Amino acid sequence: DAGITQSPRYKITETGRQVTLMCHQTWSHSYMFWYRQDLGHGLRLIYYSAAADITDKGEVPDGYVVSRSKTENFPLTLESATRSQTSVYFCASSELGQQFPGELFFGEGSRLTVL
Amino acid sequence: GQNIDQPTEMTATEGAIVQINCTYQTSGFNGLFWYQQHAGEAPTFLSYNVLDGLEEKGRFSSFLSRSKGYSYLLLKELQMKDSASYLCAVRSYSGGGADGLTFGKGTHLIIQP
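Just so you know, the sequences run in chain order A and B.
Number 63 in our numbering belongs to position 63 of the first sequence; there are no gaps in the numbering.
Basically our numbering = 1-based index in the second sequence + 1000.
With the rest of the complex left out, here is chain A (with noise of 0.2 angstroms):
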């Protein structure tokens, strides 16, 4: 079926461990977007990518690193895991033209602790 999966939807570590979380999209969207929500933030954007190899930092990207070698695929890397990132982290993808108004579409989310 078509739509954004994430995997794991659930992931328990260790701090120091590297955590992978995946996103992968059949929309052929354009962007993507690698969001983190916490009680009390709210959504927060970590890293965003408008194309294949393009991507940019968001509001909150220390710690995370994310790659994009192929326009479905979108990876999240937390590379030395710590307490403060337990958290549910969300994909989204969106496109953008005249007739689309570039809302977010996202995934089912991925609920990470970090121990």
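Calculated from the structure, these hints are not laboratory results.
Since the structure is predicted, the reported quantities are computational estimates derived from the model, not experimental observations.
Do not rely on the hints blindly, as some may be mistaken.
Below, in silico cross-link-like pairs of lysine to any residue (SDA-like), each with a Cα-Cα straight-line distance of 25 angstroms or less [unchecked claim]:
1) B:Lys1105 to B:Gln1037
2) A:Lys57 to B:Ser1027
3) B:Lys1068 to A:Lys57
4) B:Lys1081 to B:Gln1112
Computed footprint of chain B on chain A; a stretch qualifies when at least three of its residues, placed anywhere within it, have a C-beta under 8 angstroms from a C-beta of chain B [to be verified]:
5) 65-79
6) 107-115
Not close to chain A: a few residues of chain B, all C-beta gaps over 10 angstroms, as computed [stated by the list, open to error]:
7) Met1010
8) Glu1014
9) Ile1017
10) Gly1058
11) Gly1106
Glycine included, every Cβ here is placed at the ideal spot set by N, Cα and C.
For this one, chain A is given, so just place chain B on it according to the hints.
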């Protein structure tokens, strides 16, 4: 930077009408979005305003005043399933492309019978 404010929590009665306000401060404004998010789920798109005025979509309407940096989401004929968080989000165009949306912290709407 950008600043988006909306009430933390609101309570309303089934069948009634509720208005959720959002004020924002941003440069390069390029659209305002409302999303609905049920507990434990992903946000889903409700409405989009880029010009001043009211956009109506069934029981939901959204209003924008760019000069005042103000928007509201109006929900009519409230149903229990409308209990959710409502997120106001702003897109700013930096000239380098479409940046991600900046979200407010959300308004938790509780519907009572």
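Hint check:
Taking the CA atoms of Lys1105 of chain B and Gln1037 of chain B, the gap is about 12 angstroms. The hint holds against a cut of 25 angstroms. The straight-line distance between the Cα atoms of Lys57 of chain A and Ser1027 of chain B is roughly 18 angstroms, inside the 25 angstroms bound, and the hint therefore holds. For the hint pairing Lys1068 of chain B with Lys57 of chain A, the CA-to-CA distance comes to about 29 angstroms; that exceeds 25 angstroms, so the pair is violated. Taken as a hint, the Lys1081 of chain B and Gln1112 of chain B pair is honoured in the structure, with Cα atoms around 11 angstroms apart against an allowance of 25 angstroms.
Interface restraint, the region 65-79 of chain A with chain B: violated (0 residues with C-beta to C-beta distance below 8 angstroms; minimum three). Here's how the region 107-115 of chain A fares: 3 of its residues keep a CB closer than 8 angstroms to some CB of chain B, so the rule of at least three is met and the hint holds. The Cβ of Met1010 of chain B lies farther than 10 angstroms from every Cβ of chain A, with a closest approach of about 16 angstroms, so its non-interface assignment holds. The Cβ of Glu1014 of chain B lies farther than 10 angstroms from every Cβ of chain A, with a closest approach of about 27 angstroms, so its non-interface assignment holds.
For Ile1017 of chain B, the non-interface assignment is confirmed: its Cβ lies about 25 angstroms from the closest Cβ of chain A, beyond the 10 angstroms cut-off. Here Gly1058 of chain B stays apart from chain A, with its beta-carbon at least about 17 angstroms from theirs, past the 10 angstroms limit. The claim that Gly1106 of chain B is not at the interface with chain A is violated, since a C-beta of that chain comes within 10 angstroms of its own (minimum 6 angstroms).
Comparing the model with each earlier hint shows violations of hints 3, 5 and 11; every other hint is respected.
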